[in-house]
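Chemist: One-letter residues, chain by chain:
Number of protein chains: 2
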Amino acid sequence: MSDLRVGLAGLGTVGTGVIRMLDRRAADLAARTGRTVKVVAVAARDRTRDRGVDLSGLAWFDDPVALARDGGIDVFVELMGGDGDPAKAAVEAALDLGRPVVTANKALLARHGVDLARRAEANGASLHFEAAVAGGIPIVKTLRESLAGNQLERVSGILNGTCNYILTRMLEEKLSFNVCLGEAQRLGYAEADPTFDIDGYDTAHKLALLTSLAFGTQVDADSIYVEGIRQLTLADLEAADDLGYKVKLLGVALRTETGIEQRVHPTMVPKHWPIAQVSNVTNAVAVDGDAVSLTLVGPGAGGDATASAVVGDLTDVAKGGKDFTFGIPVGLLQKAERAPMQRHEGGYYIRLAAVNKPGTAATIAQRMADEHISLESIVQRRPDLADDAAATAHVILITYATTEEAVRRAIAAIEADGVVASLPQVIRIEKD
Amino acid sequence: MSDLRVGLAGLGTVGTGVIRMLDRRAADLAARTGRTVKVVAVAARDRTRDRGVDLSGLAWFDDPVALARDGGIDVFVELMGGDGDPAKAAVEAALDLGRPVVTANKALLARHGVDLARRAEANGASLHFEAAVAGGIPIVKTLRESLAGNQLERVSGILNGTCNYILTRMLEEKLSFNVCLGEAQRLGYAEADPTFDIDGYDTAHKLALLTSLAFGTQVDADSIYVEGIRQLTLADLEAADDLGYKVKLLGVALRTETGIEQRVHPTMVPKHWPIAQVSNVTNAVAVDGDAVSLTLVGPGAGGDATASAVVGDLTDVAKGGKDFTFGIPVGLLQKAERAPMQRHEGGYYIRLAAVNKPGTAATIAQRMADEHISLESIVQRRPDLADDAAATAHVILITYATTEEAVRRAIAAIEADGVVASLPQVIRIEKD
Chain A
0 MSDLRVGLAG
10 LGTVGTGVIR
20 MLDRRAADLA
30 ARTGRTVKVV
40 AVAARDRTRD
50 RGVDLSGLAW
60 FDDPVALARD
70 GGIDVFVELM
80 GGDGDPAKAA
90 VEAALDLGRP
100 VVTANKALLA
110 RHGVDLARRA
120 EANGASLHFE
130 AAVAGGIPIV
140 KTLRESLAGN
150 QLERVSGILN
160 GTCNYILTRM
170 LEEKLSFNVC
180 LGEAQRLGYA
190 EADPTFDIDG
200 YDTAHKLALL
210 TSLAFGTQVD
220 ADSIYVEGIR
230 QLTLADLEAA
240 DDLGYKVKLL
250 GVALRTETGI
260 EQRVHPTMVP
270 KHWPIAQVSN
280 VTNAVAVDGD
290 AVSLTLVGPG
300 AGGDATASAV
310 VGDLTDVAKG
320 GKDFTFGIPV
330 GLLQKAERAP
340 MQRHEGGYYI
350 RLAAVNKPGT
360 AATIAQRMAD
370 EHISLESIVQ
380 RRPDLADDAA
390 ATAHVILITY
400 ATTEEAVRRA
410 IAAIEADGVV
420 ASLPQVIRIE
430 KD
Chain B
0 MSDLRVGLAG
10 LGTVGTGVIR
20 MLDRRAADLA
30 ARTGRTVKVV
40 AVAARDRTRD
50 RGVDLSGLAW
60 FDDPVALARD
70 GGIDVFVELM
80 GGDGDPAKAA
90 VEAALDLGRP
100 VVTANKALLA
110 RHGVDLARRA
120 EANGASLHFE
130 AAVAGGIPIV
140 KTLRESLAGN
150 QLERVSGILN
160 GTCNYILTRM
170 LEEKLSFNVC
180 LGEAQRLGYA
190 EADPTFDIDG
200 YDTAHKLALL
210 TSLAFGTQVD
220 ADSIYVEGIR
230 QLTLADLEAA
240 DDLGYKVKLL
250 GVALRTETGI
260 EQRVHPTMVP
270 KHWPIAQVSN
280 VTNAVAVDGD
290 AVSLTLVGPG
300 AGGDATASAV
310 VGDLTDVAKG
320 GKDFTFGIPV
330 GLLQKAERAP
340 MQRHEGGYYI
350 RLAAVNKPGT
360 AATIAQRMAD
370 EHISLESIVQ
380 RRPDLADDAA
390 ATAHVILITY
400 ATTEEAVRRA
410 IAAIEADGVV
420 ASLPQVIRIE
430 KD
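Protein chains in written order, with numbering that gives the first Met the number 0: chain A, 0 to 431; chain B, 0 to 431.
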């Protein structure tokens, strides 16, 4: 039985989790793969730090690129993060030697995925990244292998636990966004600078990879429309709840007549959808194909869950599995036609802080009609004195399917009319 | 590019669905696998029947065993069903030649899984059965590959669409079991003889396979405790709903101190669990491991969904994938210690049709106390005159965690006391 010698760069919670898991599961993994899967060498910044795992007997590298090139390893695991060097240089070094790579680095793949996939193929190496999207949920394998028989139409997901935690807490505990963000930071769910999570960029990186797997397109994170959750108020979440919806930060990739639409934004989803029930830091991915629609729910982050995905990839490597990085040869990945957000069609929730004077509702309704937007409902809510000046009232509109462009024009016209007191809130609705 | 020549036995909706899917997805599957995956030969009973697919150019076999042995195929797909011959003989014939087999046949594997896995290994063949459990949900691959790093503790699932449809309809439309069963039969969700589905045997077959994959044990369908949904009344579903639960027919396999507990029975699950929201014919599987807990939701049956699973397996075959049938070598599969149902511990819902006379409630409460069963609640419901004689009233007990044995003894004592008018209803509760 030959060993699979693992070189591991990055010794944070995921890296140490992988070391512990490989140790704990050694006998079972040997039974599954016919090989002993063991970490033999590591690279990290600080050699002296106590990480709670025994590193004695493992070769130490200060330079992850040197580890990636070392002749004593069979597979390189990159858990450093970051979309540039040294992660990029180290991954490239391993692939150039035809060595398989397992990574959890969504930022690196979102930016350089096509180049790295090309490099893997050119050198007969394989590049595995189950841990990079939705942590412990096996969505990469599901898209790349299990659903091969399907033409996929849509992939959507709750891909950021921090945002989902904040949205869950706001509604359940009737708290403001800022209070919940502070709580998430205290609990370690959010960074001191939470921009990357709450403004949707983390979700966008993961979505870019799912899009490529689902539609056979080149990874194109730059074409994703991104909107975060910072502007959402408790009043919006409550209004949505009353209307039978939950508000989730979704990443959505959709096949349309004009191309692949990729977008990240707060979304109202019907409560009976499985994804609507997914609360706190849990993630979920829904896939709609011509034969099968699936929803996968599980932990999107955390040391153990991410380590589980890394170890799953390592067992594939040990068994000699060599899938194409994005399912098909990189030369066949299509340049995705970018469906512009203005063309997006769907229902909308629009909340306006309307100036409390005669004719306001009529003005609003007329501007909608001017853009041929049909209204499913229009509700004026009693002003909440804690939130608003007494002179404004919430007007909530729910539209039937229309276009992003029409909604934006109607809102611009309403603002020009001077009947709203602050920026309108717009939340897109996904329906059956 | 070498062809992967498929021989397919069984031309029902799944078989014809596979032929159509391989045709429709030919270019994509070739890109993924580097091979052309095509059906070249088929076997079925009636050669003359019009099945809506073009069979010209395909070799026809009246005998599936002859097809399985034919030198013109590289992989044998068994979609005939049945736990005996000819399905068994045909699968064995292919495996004996070292030929990979893909099957959707849960009954065959539940009964002969260990023998067939041994035969596959002895001959260097592989045996794939993603389609046999929960149709389009990739739970076999998830357990066998993605979660290899986990020690699993529990697998549970809604594995029979017919039962889930009936339970959903009963509660939503306030209908009786028999009315909903009739509706399911009219819609083609249930057979003319629905025993196999509604009495839990279909769920048990699938559970037996999941248990083996999850716990590395020999398939042992005979040790599963099985109870169906026939005895459930609308009153039970409504009472559960009031208490914050949904009633589902679950298959549950659990690692316990005394062995692997395998059971199929109506189960009350908290409404906030993802699995509680799964309605109509949809299936779901929840997996709890030491690193990851996942829930997968999707179609459990139907031609397209099952064909999707078969085609996923065929792409693995085309790529040369050779996992062990149940994840590890058959010689390492443990004989599962059977945890007897009497030892099962959990909460219980007990509904008694109590004789409406003084002292009845006291008698019931005393018998529970005699068995050291703590009650979380005891509710006496107004008699429903449409259902019951005016002389009986429903008494509903919810117990804290206790044992199956204690509950059975308490109920026997209550029955002996003569204070109940009909058979008590018992539903086990799963909790966080």
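Be aware that a few hints might be false.
Taking lysine to any residue pairs in the SDA-like style, the calculated list, with each CA pair at most 20 Å apart, reads [to be verified]:
#, chain 1, residue 1, chain 2, residue 2
1, A, K430, A, D240
2, A, K321, A, R337
3, A, K321, B, G330
4, A, K321, B, A275
Cβ pair distances, simulated, as ranges [stated by the list, open to error]:
#, chain 1, residue 1, chain 2, residue 2, range
5, A, P269, B, R229, 40 to 50 Å
6, A, G417, B, K270, 43 to 53 Å
7, B, A58, A, G319, 24 to 34 Å
8, A, Q379, B, A26, 51 to 61 Å
9, A, A360, B, D289, 36 to 46 Å
10, B, S421, A, Q230, 50 to 60 Å
11, A, E182, B, K270, 56 to 66 Å
12, B, G71, A, L54, 49 to 59 Å
The set of hints was computed from the structure by calculation and includes no laboratory data. We put the CB at the ideal spot given by N, CA and C, even for glycine.
Chemist: What hint numbers does the structure not satisfy?
Modeler: Going through the list in order, the structure violates hints 2, 3, 4, 5, 9, 11 and respects the others.
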